[in-house]
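Enquirer: Sequence:
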Amino acid sequence: MTTRNLFLYSFYIIFGQIIIRMKSIILLPTLFILQLSLTGQVSDDWIVKLSPTVFKSFDSYTLADKSFNSQFLTSKVISKRLQLVQIRTKSKIDEVTFKADFHSLNPIRFYPNSTLENREVPNDDLYASSQWNMEIINLPQVWDFTTGGNTAKGEDIVVAVIDDGFDITHEDLRNNLWVNPDEVPNDNLDNDGNGYKDDYHGLDVESEDGNIQSFSHGSRVAGILGAEGDNDLGVAGVNWNIKILPVSGINNVVEIISAMEYLIDLKETYLNTNGASGANILVSNLSQGKERVFPESHIDWCELYEEAGKVGILSVGAAPNGFYNVDVEGDLPSLCTSESLIIVTNTDSNDLIAREAAIGPTHVDLGAPGEGVTSTYTDNKYATISGTSASAPHVAGVAALLFSSCEKLSDLTFSDPEAATLVVKNAILQGVEPLSSLSRTVSGGRLDAYQAFLNIAGYCTDRVKRELEVISVFPNGNTLDIKYDTDRFDEHQLVITNSIGQVVWSADFRPELFGEPEYNIQLPEMVTGYYVLSMKNISGMDSAPFFFQSN
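Numbered according to this note's numbering, the sequence shown spans residues 7 to 557.
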C-alpha cells in the first residue's frame, strides 16, 4: 500500500468512527465502497474470460508486442469452451492496473489465480492392519455382485483423479491405470492431436505432457478408489479393476481449469466416436479445495462442473477439514451448484463426524470414512491418510461401482449422459445410513455402498425392494414356482413344513439382484395336503408364513 493510500485508509477509518458515534447511517454505504476500492486484489497471475470474438483472435505474440502492455510476461489458453486465458505479469499489480494494461482485450471478467489446499489431516501412523472403512460402508456385500471395472455392456469405466501426483508404478496401482488408445508412449509426439504429448496414462498439467509427478497425497487417494483387489498385495480399493486416469500437478485454480477441460474433451471424444477414442470417464475425484471463498471469486471453476455433467462425468469433491459451516463461511468446490457434483465430509471408525470436518445443510451432501484409512503410498509402500481427502474417493469409488450394474444404466450414459450422473448421485444420497452427527448435511447420513447398490437395482429393474415376503407359490407336480421380494441379496433360506410343523424340505439360495424375484425348486413326491413355506435372510428376518396346497 502506498503512503498516500495508507493516509487515505487511516483517514476513512477515523472518519468512519466519527460517523458511527454520530449515529449517521446515511454515509456508511459510501464509506464501505471507499474501503473496498483501497483493498483490491493484487497478483501477478490472472484468469481472464474473453468474449467469443476476442478469444477467436487471441494471440499471445500479438499481445506481447503491444507497447502499452508493459507488465505482460506470458499467457496461455486454459479453457476453449469457456474462453479463458491465463495471463502472467512481470510483477504483482492491482485490478485497476491490470484493466488499464490489458484494456484492448475488453475482458468480461478477470480475477487472480489462487492456490489450493490438499484436504488431508496429518497422520503419523504408517500402516493399519484392517480396512475398517470398507466394512463400515458395507462394501463386501456389494463385492458379492461386482468389483467394478466395466459396465454391463463391457465398456471400461474410467475414473479421473485430479491431485498433486501419483506413483503410477506402484504394485497395487499400475495394472489399474487408464491407457490412451490413440497415444504412443514416450515418443515425444502428440499422436492423438489433443494438444498434449505422451498422455498415455494421463496428464501432468504443469509440464503439459504425460510425465505424471509422483506424490503421496494423490497416490493414497487413488488407492482408496481403485487399488487392485484379490492380488495378494497390500490393500483392496473400492473398485478392484477400475481404470484410473491420473491428472497431476494440481496446485492452483488455473491448473484445476486445465485439468477439467482436458477430461471433458476426452469424454466428448469418447461419446462422439462411440467409444473408439477418448476415455469413458464416468466419475472424477478432487480432494483439494479453497477454504472460505465463494463461487463469485472463481465462477469459471464452478461452470466447468456443469460442463462435465453435460458429458456424463459425476464429480466428487472433498469438503474442508475444519468444523465450520461452508454455507455461511464459504468454500470451493463445496459451494458450486452443479447437480452433477457431490461434496463429502469426513467420518471416523466410531461412525461419527470427524472433529475436523466441515458441515453444510445446503452444500455438503454426505459423510464417508476418512480417519486413519490405509492406502497405497509411494515406492510400493502403504500408509494411512486422514481427512476429507480420504472421504471423497470412497464416494467416487462407490459411484464407479454403481455404473457397472446394468445395461439400462450403461445405455443411459450414451443416450443422456447427464441423466446418468443424476441416477447414480441420487442412489448414493438416498441410500445413506442416517447419523445424528451428520444432520447438518444434505442427506443427513454416511455413505452406504450396499443400500446405494440396492437403489440402483431398483432403477435397473423398475422394481421397488421391499421387506422379506413370499408373494405366491404355484405347485406344478413336484415343482414349486415361488415369487418373493426382499431388500437383501445375501444368503436366504427356504423352509417347507407340513400341517403338523415337521420340516419336509429346506435349502439355502441367493436371490437374484437384477433378475426376476422368482425361485424354482424340485421336490420329492409330496403327500397331498397343506404346507407352509417361509423364508429367512442372513439377518434372521423371517417372512410371514405362506400356506399352499399340494395336489
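Just so you know, not all the hints are guaranteed correct.
[Said to hold, decoys possible] List time: in silico DMTMM-like cross-link candidates among lysine to aspartate or glutamate, alpha-carbon distance up to 25 Å:
{"#": "1", "residue 1": "Lys203", "residue 2": "Glu274"}
{"#": "2", "residue 1": "Lys96", "residue 2": "Asp50"}
{"#": "3", "residue 1": "Lys82", "residue 2": "Asp198"}
{"#": "4", "residue 1": "Lys86", "residue 2": "Asp150"}
{"#": "5", "residue 1": "Lys82", "residue 2": "Glu309"}
{"#": "6", "residue 1": "Lys489", "residue 2": "Glu439"}
{"#": "7", "residue 1": "Lys62", "residue 2": "Asp236"}
{"#": "8", "residue 1": "Lys387", "residue 2": "Asp193"}
{"#": "9", "residue 1": "Lys98", "residue 2": "Glu141"}
{"#": "10", "residue 1": "Lys414", "residue 2": "Asp150"}
{"#": "11", "residue 1": "Lys159", "residue 2": "Glu413"}
{"#": "12", "residue 1": "Lys96", "residue 2": "Glu141"}
{"#": "13", "residue 1": "Lys316", "residue 2": "Glu424"}
{"#": "14", "residue 1": "Lys86", "residue 2": "Glu101"}
{"#": "15", "residue 1": "Lys159", "residue 2": "Glu141"}
{"#": "16", "residue 1": "Lys542", "residue 2": "Asp491"}
{"#": "17", "residue 1": "Lys159", "residue 2": "Glu518"}
{"#": "18", "residue 1": "Lys489", "residue 2": "Glu413"}
{"#": "19", "residue 1": "Lys316", "residue 2": "Glu345"}
{"#": "20", "residue 1": "Lys316", "residue 2": "Glu335"}
{"#": "21", "residue 1": "Lys387", "residue 2": "Glu309"}
{"#": "22", "residue 1": "Lys387", "residue 2": "Asp491"}
{"#": "23", "residue 1": "Lys203", "residue 2": "Asp238"}
{"#": "24", "residue 1": "Lys542", "residue 2": "Asp514"}
{"#": "25", "residue 1": "Lys542", "residue 2": "Asp493"}
{"#": "26", "residue 1": "Lys98", "residue 2": "Asp150"}
{"#": "27", "residue 1": "Lys55", "residue 2": "Glu345"}
{"#": "28", "residue 1": "Lys414", "residue 2": "Glu424"}
{"#": "29", "residue 1": "Lys489", "residue 2": "Glu473"}
{"#": "30", "residue 1": "Lys86", "residue 2": "Glu274"}
{"#": "31", "residue 1": "Lys203", "residue 2": "Asp65"}
{"#": "32", "residue 1": "Lys316", "residue 2": "Glu274"}
{"#": "33", "residue 1": "Lys62", "residue 2": "Glu345"}
{"#": "34", "residue 1": "Lys414", "residue 2": "Asp493"}
{"#": "35", "residue 1": "Lys414", "residue 2": "Asp385"}
{"#": "36", "residue 1": "Lys316", "residue 2": "Glu177"}
{"#": "37", "residue 1": "Lys55", "residue 2": "Asp100"}
{"#": "38", "residue 1": "Lys489", "residue 2": "Glu475"}
Think of the hints as simulated: they come from the structure by calculation, not from any bench.
Enquirer: All hints, please: hold or fail.
Expert: We went through each hint and held it up to the structure:
no. : hint              : in the structure
1   : Lys203 <-> Glu274 : 19 Å, holds
2   : Lys96 <-> Asp50   : 7 Å, holds
3   : Lys82 <-> Asp198  : 21 Å, holds
4   : Lys86 <-> Asp150  : 44 Å, violated
5   : Lys82 <-> Glu309  : 19 Å, holds
6   : Lys489 <-> Glu439 : 29 Å, violated
7   : Lys62 <-> Asp236  : 51 Å, violated
8   : Lys387 <-> Asp193 : 30 Å, violated
9   : Lys98 <-> Glu141  : 51 Å, violated
10  : Lys414 <-> Asp150 : 20 Å, holds
11  : Lys159 <-> Glu413 : 6 Å, holds
12  : Lys96 <-> Glu141  : 53 Å, violated
13  : Lys316 <-> Glu424 : 5 Å, holds
14  : Lys86 <-> Glu101  : 24 Å, holds
15  : Lys159 <-> Glu141 : 29 Å, violated
16  : Lys542 <-> Asp491 : 12 Å, holds
17  : Lys159 <-> Glu518 : 19 Å, holds
18  : Lys489 <-> Glu413 : 24 Å, holds
19  : Lys316 <-> Glu345 : 10 Å, holds
20  : Lys316 <-> Glu335 : 29 Å, violated
21  : Lys387 <-> Glu309 : 38 Å, violated
22  : Lys387 <-> Asp491 : 46 Å, violated
23  : Lys203 <-> Asp238 : 35 Å, violated
24  : Lys542 <-> Asp514 : 9 Å, holds
25  : Lys542 <-> Asp493 : 12 Å, holds
26  : Lys98 <-> Asp150  : 57 Å, violated
27  : Lys55 <-> Glu345  : 24 Å, holds
28  : Lys414 <-> Glu424 : 14 Å, holds
29  : Lys489 <-> Glu473 : 14 Å, holds
30  : Lys86 <-> Glu274  : 14 Å, holds
31  : Lys203 <-> Asp65  : 22 Å, holds
32  : Lys316 <-> Glu274 : 10 Å, holds
33  : Lys62 <-> Glu345  : 30 Å, violated
34  : Lys414 <-> Asp493 : 21 Å, holds
35  : Lys414 <-> Asp385 : 41 Å, violated
36  : Lys316 <-> Glu177 : 35 Å, violated
37  : Lys55 <-> Asp100  : 17 Å, holds
38  : Lys489 <-> Glu475 : 9 Å, holds
The earlier numbered hints that this structure contradicts are 4, 6, 7, 8, 9, 12, 15, 20, 21, 22, 23, 26, 33, 35 and 36.
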